[in-house]
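Here is what each chain is made of, one letter per residue.
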Amino acid sequence: MADTPAILIKDVKKKYPTGTEALKGVSLTVPKGDFFAFLGPNGAGKTTLIGIIAGLTLKTSGTVEVCGASVDTAPDHAKTYIGLVPQEFNFNIFEKVEDIIINQAGYYGMTRTEAKPKTDELLKQLGLWEKRQMPSQTLSGGMKRRLMIARALVHSPQVLLLDEPTAGVDVELRRGMWEFLNKLNASGTTIILTTHYLEEAEQLSKNVAIINKGEIITNEPTKELLAKHHGKSLEDIFLELIGHA
Amino acid sequence: MKNPALIGYYTMVRKATVRIIRIWSQTLLPPIVTTTLYFIVFGTFIGSQLASVSGHSYMEFIVPGLVMMSIITSSYMNTVSTFYFEKWQRTIDEMLVSPMPSWVIMLGFVSGGVIRAILVGILVVIVALFFTHLAVTSFLIVLVAAFLTAFLFALAGLVNGFFAKSFDAISIVPTFVLTPLTYLGGVFYSVNQLPPFFRDLSLVNPILYMVNLFRYGFLGVSDVPPATAFLVLAAFTIGFLVLTTWLFARGTGLKH
Numbered sequence: 001m002a003d004t005p006a007i008l009i010k011d012v013k014k015k016y017p018t019g020t021e022a023l024k025g026v027s028l029t030v031p032k033g034d035f036f037a038f039l040g041p042n043g044a045g046k047t048t049l050i051g052i053i054a055g056l057t058l059k060t061s062g063t064v065e066v067c068g069a070s071v072d073t074a075p076d077h078a079k080t081y082i083g084l085v086p087q088e089f090n091f092n093i094f095e096k097v098e099d100i101i102i103n104q105a106g107y108y109g110m111t112r113t114e115a116k117p118k119t120d121e122l123l124k125q126l127g128l129w130e131k132r133q134m135p136s137q138t139l140s141g142g143m144k145r146r147l148m149i150a151r152a153l154v155h156s157p158q159v160l161l162l163d164e165p166t167a168g169v170d171v172e173l174r175r176g177m178w179e180f181l182n183k184l185n186a187s188g189t190t191i192i193l194t195t196h197y198l199e200e201a202e203q204l205s206k207n208v209a210i211i212n213k214g215e216i217i218t219n220e221p222t223k224e225l226l227a228k229h230h231g232k233s234l235e236d237i238f239l240e241l242i243g244h245a
Numbered sequence: 001m002k003n004p005a006l007i008g009y010y011t012m013v014r015k016a017t018v019r020i021i022r023i024w025s026q027t028l029l030p031p032i033v034t035t036t037l038y039f040i041v042f043g044t045f046i047g048s049q050l051a052s053v054s055g056h057s058y059m060e061f062i063v064p065g066l067v068m069m070s071i072i073t074s075s076y077m078n079t080v081s082t083f084y085f086e087k088w089q090r091t092i093d094e095m096l097v098s099p100m101p102s103w104v105i106m107l108g109f110v111s112g113g114v115i116r117a118i119l120v121g122i123l124v125v126i127v128a129l130f131f132t133h134l135a136v137t138s139f140l141i142v143l144v145a146a147f148l149t150a151f152l153f154a155l156a157g158l159v160n161g162f163f164a165k166s167f168d169a170i171s172i173v174p175t176f177v178l179t180p181l182t183y184l185g186g187v188f189y190s191v192n193q194l195p196p197f198f199r200d201l202s203l204v205n206p207i208l209y210m211v212n213l214f215r216y217g218f219l220g221v222s223d224v225p226p227a228t229a230f231l232v233l234a235a236f237t238i239g240f241l242v243l244t245t246w247l248f249a250r251g252t253g254l255k256h
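Read top to bottom, the protein sequences are chains F and V. Taking the numbering used here, the leading residue of the first sequence gets 1, the next gets one more, and so forth. Taking the numbering used here, the leading residue of the second sequence gets 1, the next gets one more, and so forth.
It is possible that some hints are incorrect.
To be verified - Once the Cα atoms are required to be at most 25 Å apart in a straight line, the calculated DSS-like pairs of lysine-lysine come out as:
id: 1; chain 1: F; residue 1: Lys131; chain 2: V; residue 2: Lys15
id: 2; chain 1: F; residue 1: Lys15; chain 2: F; residue 2: Lys213
id: 3; chain 1: F; residue 1: Lys144; chain 2: V; residue 2: Lys87
id: 4; chain 1: F; residue 1: Lys144; chain 2: F; residue 2: Lys131
id: 5; chain 1: V; residue 1: Lys87; chain 2: F; residue 2: Lys96
If you are wondering where the hints come from, they were derived from the structure by calculation, not from laboratory data.
Same shape as in the complex, but just chain F:
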């Protein structure tokens, strides 16, 4: 259905066993094809929400749907739509670059024969082709980030969740990643991005939400948000909204 949003989040709350309320009733709708920036200071609840969408974090209450599939009643179906690039490197450092991607495809039900061409294509697009037979621990920081993007895309997900994908990446490489992500979005993949580089969000996103202390404090088209604040940068607006201006 064309009207089904990529992500539909209703009144999601998360309280950790320690008592920390990470999310206090978050509601969000991300339409299909969007490039959505999800911003907030450290500890605001961004990674928690990404974890809930991806099935890695248990919510306390509320509902989440991915392309119409509920993460509660049809979790395995919902997961087929998602590709996740986590904040921390989480691949096996002893495994070969190519094997990491092919194995991930296997977990999504693709045979090795089916996964190989897509893996080769991604390795070439992301500049990892020469390193495909190397153990992943030999890659540079930027290459490891790109490997995680390749791994997340091998099953051609409809929604790509990127949690701080350019952290620790140099300017040149970051620009290259922006270009890659823009092309991916143009080809129809919905992208949800959390980042600390507000320039990145300003450049890439169509819509933006800012979360602070577990609550959404703004959620609107990026251009409208910038226009409303009369030429201020997204960074100035962000600091103003979270009360640090």
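Given the structure of chain F, go ahead and fit chain V onto it with the hints provided.
Only chain V this time, still in chain F's reference frame:
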């Protein structure tokens, strides 16, 4: 028609097998060296001075127990170490974000433990043949006992991995629980030779039943009725299977 869950399972098993073979000096070699020493010291040096046990030479008597000991240790250590390492490094998220059902992920880990245990078991039997003749009374009993025991301890390793919060925690159970129970499980002696109190005490040790069922498959002798031994093994396996499936479905120690 292709089955995505089956492909996911195959991917996990293939990865586990490649790992076991790639690091053979850590996964396959140590139990061979250890059991060879047991065969030399206990079987040849000490065993040659001992009377026969249950109608078999001491060397013949201890071989099934030593094979079973290797199977137990290998299956347990394989799952507890790979599962905890993947949990610690968060590599397990690769599987948790995928549409593979949790029971498939569980079976993938368990199969890795079973494969390693069976490979080690075969290698130890081959080594044993250099020291003694080994008769087989029932291949079926040998295979069932080996498979079920490997499966059970692979599950037990996973349970340990779920609750482990440090690398120390994955060595506590093998050192302080598994090793004493194995040594006291009739690997080196027949419990019928013990005083009545210690014989009865030995009967609460589940490993005794596994060792004896396996020994019955080879030598046709057992300290406990083989049917009872099979039932104990099957009951523990089902119990751990239910527990592990439940822990996986809840995401214990995996999801916050």
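Self-check item: Structure versus earlier hints, numbers of those that do not hold, lowest first
Solution: none
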